Structures are given as C-alpha cells and as structure tokens.
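Protein chains: 2
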Amino acid sequence: MRDEGNDERRKKLQEQEEQLKRRMADVKHKIAVISGKGGVGKSLTTVNLAVALASHGHTHSVGILDADIHGPCVPKMLGIRGQQITPYRGGVSLAIGPLGIKVMSMDFLMEKDESPVVWRGPLKMHAIRQFLSESNWGRLDYLLIDLPPGTGDEPLSVLQLLPDMDGVVVVTIPSEVSQIVVKKAITFARMLKIPVIGVIENMSGFVCPKCGAETEIFNVGGGQKVAKDLDVPFLGKIPLDSRICDDSDKGMPFIVHHSDSPAARAFMEIVARIEEWLASHRQVVPSVRGSESKSA
Amino acid sequence: MRDEGNDERRKKLQEQEEQLKRRMADVKHKIAVISGKGGVGKSLTTVNLAVALASHGHTHSVGILDADIHGPCVPKMLGIRGQQITPYRGGVSLAIGPLGIKVMSMDFLMEKDESPVVWRGPLKMHAIRQFLSESNWGRLDYLLIDLPPGTGDEPLSVLQLLPDMDGVVVVTIPSEVSQIVVKKAITFARMLKIPVIGVIENMSGFVCPKCGAETEIFNVGGGQKVAKDLDVPFLGKIPLDSRICDDSDKGMPFIVHHSDSPAARAFMEIVARIEEWLASHRQVVPSVRGSESKSA
Chain A
257 MRDEGNDERR
267 KKLQEQEEQL
277 KRRMADVKHK
287 IAVISGKGGV
297 GKSLTTVNLA
307 VALASHGHTH
317 SVGILDADIH
327 GPCVPKMLGI
337 RGQQITPYRG
347 GVSLAIGPLG
357 IKVMSMDFLM
367 EKDESPVVWR
377 GPLKMHAIRQ
387 FLSESNWGRL
397 DYLLIDLPPG
407 TGDEPLSVLQ
417 LLPDMDGVVV
427 VTIPSEVSQI
437 VVKKAITFAR
447 MLKIPVIGVI
457 ENMSGFVCPK
467 CGAETEIFNV
477 GGGQKVAKDL
487 DVPFLGKIPL
497 DSRICDDSDK
507 GMPFIVHHSD
517 SPAARAFMEI
527 VARIEEWLAS
537 HRQVVPSVRG
547 SESKSA
Chain B
257 MRDEGNDERR
267 KKLQEQEEQL
277 KRRMADVKHK
287 IAVISGKGGV
297 GKSLTTVNLA
307 VALASHGHTH
317 SVGILDADIH
327 GPCVPKMLGI
337 RGQQITPYRG
347 GVSLAIGPLG
357 IKVMSMDFLM
367 EKDESPVVWR
377 GPLKMHAIRQ
387 FLSESNWGRL
397 DYLLIDLPPG
407 TGDEPLSVLQ
417 LLPDMDGVVV
427 VTIPSEVSQI
437 VVKKAITFAR
447 MLKIPVIGVI
457 ENMSGFVCPK
467 CGAETEIFNV
477 GGGQKVAKDL
487 DVPFLGKIPL
497 DSRICDDSDK
507 GMPFIVHHSD
517 SPAARAFMEI
527 VARIEEWLAS
537 HRQVVPSVRG
547 SESKSA
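Which chain is which? The protein sequence lines are A and B, in order.
Residue numbering for the first sequence follows our numbering, beginning at 257 and increasing consecutively.
Residue numbering for the second sequence follows our numbering, beginning at 257 and increasing consecutively.
Hints are not guaranteed to be accurate.
In silico DSS-like pairs for lysine-lysine, Cα to Cα no more than 27 Å straight-line [unchecked claim]: (1) 368/A <-> 481/B; (2) 449/B <-> 481/B; (3) 277/B <-> 449/B; (4) 481/A <-> 506/A; (5) 481/A <-> 449/A; (6) 368/A <-> 481/A; (7) 449/B <-> 284/B; (8) 449/B <-> 368/A; (9) 466/B <-> 506/B; (10) 449/B <-> 484/B; (11) 449/B <-> 484/A; (12) 484/A <-> 506/B; (13) 481/A <-> 284/B; (14) 506/A <-> 484/B; (15) 481/A <-> 368/B; (16) 449/A <-> 284/A; (17) 506/A <-> 481/B; (18) 484/A <-> 449/A; (19) 449/A <-> 368/B; (20) 277/A <-> 449/A; (21) 267/B <-> 277/B; (22) 466/A <-> 466/B; (23) 368/A <-> 484/B; (24) 277/A <-> 267/A.
Not close to chain A: a few residues of chain B, all C-beta gaps over 12 Å, as computed [unchecked claim]: (25) 273; (26) 275; (27) 276; (28) 339; (29) 342; (30) 344; (31) 352; (32) 390; (33) 419; (34) 420; (35) 454; (36) 463; (37) 515; (38) 535.
Read the hints as simulated data drawn from the structure, not as lab findings.
No experiment lies behind these values; they were computed from the predicted model shown.
We put the beta carbon where it would ideally sit given N, CA and C, even for glycine.
Turn these sequences into a full structure, and let the hints steer you where they fit.
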C-alpha cells in the first residue's frame, strides 16, 4: 500500500515537525486562549494580553499565532493589516505589531477582505503546522495562540502540535447559554492534559456612560460560576465598554488607549494573575533556552 | 485499491444520500443562518425566526437543525434540553419545542454539559449527514439550519448536502472587526451559488433602561454597510436588550416573552422581510410536495 508519494509526504511531514520542535524550543511560555462559544472576546484577550506582557519588560519577545483560519481578527485589532509576510532565512518573516509583537495570521495571506478560506479540517491542520514551523518566531518569552471557538480541528491541531504548552486561558461571557459551551472547552483542555490557567468573564455588565446605571446585558457571574463548578481559577471580569469595540476597530489595544477605564484596570489585574500563575507553575525556567532544556 | 469494506461504505453512503433526498423533498423551504464571527446571535436568530414562522400559520411545520456540533445552543434557547431522541420508523424521532417546532441537535446526544465533542471535520460531516437523513422531519414548511461560524467543514457540508436551499440569512454585529469576517461568509454563500436573503445587524446599540440614553457598544450601521458594499438586502437591526439574554437563558424566545420590546418589534419586521423575500423568490411552490417537483 505504500508508494513513493506517500513516503515523500511522510518525510516532509517529519522534517516539518522537527523544525517546529526546534522553533518552539526557543519559546519560553506558550499560552492558548480558548472559548466554547465564539464572539466572547478571545482575540481581544489575546491582543491585549500580548501588549500587556510586552510592556512588562518583554518588548520584541511576544508572538501571536492567530489560529482562526476562517475569521482572523488579530491583525485588525493590532492595526497591522496589510503588512507583507516574506520569505526570510529558510522560513517566512512575521508581521510586527506594537512593542515588537510578532504576528502570524491567515489575514496576511488573503488578497481581499471578502475572500473566504473555504477549507476543511486537514488543510487547516496543514496551515497551522506551517504557521508554527515555518515562521521565524525567533526567541520569544511568550507565544500566545488565539484559537477559534469550539473543540474541533484547529484547537485539536494546535494543542496536539504543542504538547508542552504552559496552559490555556478560557474566555466566556456570563450568559447561561455560554456557560454550557465553555465547560466543554475546559473539559477539552483537561482531556489533552493542558493546565487551565483560569477563566475570564468578558462583557460582564454595562455601566451607562450618561447616568451610571449598571445593566447586566449578558448577565453577570457566569464565568465565576463555571470556574467554581469545574474547580479552575477565576481570573476576573471585564465590563462592557463601547471604547473597547472602538479601539479594536481602530487597531489600538484598549489597555493602552483607555488605560484608565474600568475595563483596562480589570484587564491588568487579570494579566497580573496570569503572570503569577506562570511564575508559580513553571518554576524551573531554563536559563539557556534550547531544545535540550525544553524536551526534558 | 478497492476492497469490500470500501464498497460497503460507499453503498451505505449512497443509501444515506438517497434517504436524505427523499426526506428533504418533503421540506418546502430550507434556510441556513450563517455568520462570519461567532457569538453574533445566529442561534438567537434561528430560534426566534422559527417561532415567528410557526406562529404565522405553520404550527408543527417548522424544523431546526442545530448544525453546531461543538457548541449546540438551540435546545437551551427553546427550553427543551434533556428531551429524548429515540428510534422511530426507520429513523430517529425529533425533540419538539414550542409551537411544535422539531429540533435535532448534538446537545440531545450528550450525557453531560461539560462533555466536549472532540471531532475533526470528517466525523462532523458524517454527523450532519445523519441528522439530515435519519431524523423524522416529516412534512415541513420551513427547515432552518443554525450553522457554526466560519466557512469550514460544517457550513460546507450542510450547503453541499442541501443544494436546493432557498437562501442564507447572514447575522453580524456592527463592529468593523465583524464586518471583515461577515463579508467572507457572504462570498462563501455566493461561491456555493446559494442566494443571500439578507443581512441582520444584531447588538445594534443599547438604550439604558434607566435614563434612555443610547450607547453604541458595538457601534451601529456595520451590517447595513456590509449589505450595501456587497449588494445584498439589508433585513434590519436588533438592539441590545438584557431581556434577550435572560429569555435565551430561560429557554423562552424573546419575541414571544417580550413581544412589546423594541428588539422584538425589530425582529418581527425582519421576519416579514424574510417572508416577502421567500414569496417573491420561490413563486412556483409545488402544491403537492414531492421529490419530482423539488428536483426540477
């Protein structure tokens, strides 16, 4: 049943996975941002977490893999759409965002906004493997991975390709409908033996900018409840704020451009909790980063 | 390369597709609800559209296929979680919601809330084919299909399995980030030669229940802009309203339980536009429904 074409493909795949291992050995922390339902603020969390980490002494040492093949939003939210991805040193160069954040996204490979990527799972797996193995990530302190919603091909591919992930950050909105789905995402991470860093509750209440009255548009407390039910850390709540959407549309991370807003303050507390978690869970950080120290 | 196992599988597949054709011949209108990004209100739209159509003289003649394998929300939103799906007349019986709406969803097949469906594309395609071919849909005036976000395996499977679809309803939120992704969904439908019934702009502005001030939390007008840019009908805007989330969590369609709210009134106008569109685009409705009249 084996033929030369198959052998060739198998060899190529093996080379690619070895390259992926080599590249990933230069990355200190790998964190995936996941959710159950879409539209809960995964990309928003990824982008602002990247900016926060970069600004905490990791300029030019944070990378983002936008693993949402069908709906990549990271470049738009960082204001770097249209940057060119070009061949460089046996791989491809990455787009560079604020504070030297390195970004790989399907968005850079599309000619037009309206062009959809009509791919089934195997092609998406292939693309993600290429994004990880052929991008010149260089030495990174943090690689954040923005995963599409659900527990299907893309999350599975990423989490299987990167077995030494630090953990996942889970984003949800407070509604009961979302709670059901986010529980599945947490169980999914556990099945793959990836630690859950914690749950973020986004879109948690809205304060009217005119009268100050608070409305629980998508309810409040659902993220906290899920964290308690499934015994994982709760990282914090981010309130709804029209400036967040505005900033995302303009490509300006809200934690920088509205750093005094309640949402930004809440977010920075979440970042501190994530940093604490990382510090306590990866105590033996190799001083010389290399494949030997990582594969141990 | 052919072996008996393959022949067997091919035969089974063919039988299944013939059964699917027979079942679908008894369905007058098939409408898919799609989006680019997740979390924009696809399931909300599907559920409320189903209730509106059922209440307009189509009791017991509306069905919903919840094609979101990883994050099925339709049963929760209709208050029918936990109903039993049982073998019945060479297929499976369906869950029954308000006004006799027939529902098939992965949710009915899961033992626990937190159990994820960790499936790659081919298995999902298989499940969707089964949902369509083995469910006892019976005679329906409308089958609504709630598709997961994106332009990958599930939307592709459904739209390829049902080539004689009336059209797709596209849901978006107004943000620019969402606009980019929803354009891809519209182009996707066009590539598959499925008519676009129109675009719904959900989460369009929020009116403070205390002071009446309007805040554009996710901006306003983005859906309208996409519709204009891509020359497809605009169906209307639905404002944010905390009662919508509450009703969804309680399994009560908001157009019934808060029928006097601005959101419900906006939604009913959208339903009227969809009904108009269907009336004008499918003028030759077969009086005797059968495979002959549909396959023409």
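Now for the hints, and whether the structure bears them out:
Straight-line distance between C-alpha atoms of residue 368/A and residue 481/B comes to about 17 Å, which keeps the hinted pair within the 27 Å bound. For the given pair, residue 449/B sits about 22 Å from residue 481/B by alpha-carbon distance, which is consistent with the 27 Å threshold. Note on residue 277/B and residue 449/B: the hinted pairing holds, with a Cα-Cα distance of about 19 Å set against a maximum of 27 Å. With a C-alpha separation of about 33 Å, the suggested pairing of residue 481/A with residue 506/A is violated against the 27 Å cut-off.
About 22 Å separates the Cα atoms of residue 481/A and residue 449/A, which keeps this hinted pair within 27 Å; it holds. The suggested pairing of residue 368/A with residue 481/A is violated, with an alpha-carbon distance near 42 Å, which exceeds 27 Å. Of the supplied pair hints, the one linking residue 449/B and residue 284/B holds, its CA atoms being roughly 19 Å apart against a limit of 27 Å. Distance check on the hinted pair: residue 449/B and residue 368/A sit about 19 Å apart at the alpha-carbon level, within 27 Å; holds.
In summary, the hint linking residue 466/B to residue 506/B is supported, as the alpha carbons are separated by about 23 Å, within the 27 Å threshold. A threshold of 27 Å between alpha carbons decides the hint, and for residue 449/B with residue 484/B the separation of about 19 Å falls inside it, so the pair holds. The straight-line distance between the Cα atoms of residue 449/B and residue 484/A is roughly 47 Å, outside the 27 Å bound, and the hint therefore fails. Our distance criterion of 27 Å between C-alpha atoms is met by residue 484/A and residue 506/B, whose separation comes to about 21 Å.
For the hint pairing residue 481/A with residue 284/B, the CA-to-CA distance comes to about 43 Å; that exceeds 27 Å, so the pair is violated. The suggested pairing of residue 506/A with residue 484/B holds, with an alpha-carbon distance near 21 Å, which does not exceed 27 Å. A hinted pair counts as satisfied when its Cα atoms are at most 27 Å apart, and residue 481/A with residue 368/B qualifies at roughly 17 Å. Restraint check for residue 449/A and residue 284/A: satisfied, since their Cα atoms lie roughly 19 Å apart, inside the 27 Å limit.
About 17 Å separates the Cα atoms of residue 506/A and residue 481/B, which keeps this hinted pair within 27 Å; it holds. In summary, the hint linking residue 484/A to residue 449/A is supported, as the alpha carbons are separated by about 19 Å, within the 27 Å threshold. Pair hint residue 449/A plus residue 368/B holds up; C-alpha atoms about 19 Å apart against a cutoff of 27 Å. In summary, the hint linking residue 277/A to residue 449/A is supported, as the alpha carbons are separated by about 19 Å, within the 27 Å threshold.
Among the hinted pairs, residue 267/B with residue 277/B is consistent with the structure: their alpha-carbon atoms are about 15 Å apart, no more than 27 Å. At roughly 10 Å between alpha-carbon atoms, residue 466/A and residue 466/B fall within 27 Å of each other, so this suggested pair holds. Restraint check for residue 368/A and residue 484/B: satisfied, since their Cα atoms lie roughly 17 Å apart, inside the 27 Å limit. Under the criterion of a C-alpha separation no larger than 27 Å, the hint pairing residue 277/A with residue 267/A is consistent with the structure, at around 15 Å.
For residue 273/B, the requirement that its beta carbon stay farther than 12 Å from each beta carbon of chain A is met, with the minimum near 18 Å. The beta carbon of residue 275/B is kept farther than 12 Å from every beta carbon of chain A, the shortest such distance being approximately 23 Å. At roughly 19 Å from the closest C-beta of chain A, the C-beta of residue 276/B stays outside 12 Å, upholding its exclusion from the interface. For residue 339/B, the requirement that its beta carbon stay farther than 12 Å from each beta carbon of chain A is met, with the minimum near 15 Å.
Its beta-carbon lying about 23 Å from the closest one in chain A, residue 342/B satisfies the requirement of being farther than 12 Å from that chain. Distance to chain A confirms residue 344/B as a non-interface residue, since its nearest Cβ pair spans about 27 Å, more than 12 Å. For residue 352/B, the requirement that its beta carbon stay farther than 12 Å from each beta carbon of chain A is met, with the minimum near 20 Å. At roughly 22 Å, the least C-beta separation between residue 390/B and chain A is larger than 12 Å, which holds for a residue marked as non-interface.
No Cβ of chain A approaches the Cβ of residue 419/B within 12 Å, the least distance being about 16 Å, so the stated non-interface status holds. Distance check for residue 420/B against chain A: the nearest CB is about 20 Å away, which clears 12 Å, and the non-interface claim stands. With a minimum CB-CB distance of about 17 Å to chain A, residue 454/B clears the 12 Å threshold, and the non-interface call stands. For residue 463/B, the requirement that its beta carbon stay farther than 12 Å from each beta carbon of chain A is not met, with the minimum near 9 Å.
Once the 12 Å rule is applied to beta carbons, residue 515/B is consistent with being away from chain A; the minimum gap is 20 Å. Residue-level check passed: residue 535/B sits 29 Å from the nearest beta carbon of chain A, beyond 12 Å.
Comparing the model with each numbered hint stated earlier shows that hints 4, 6, 11, 13, 36 do not hold.
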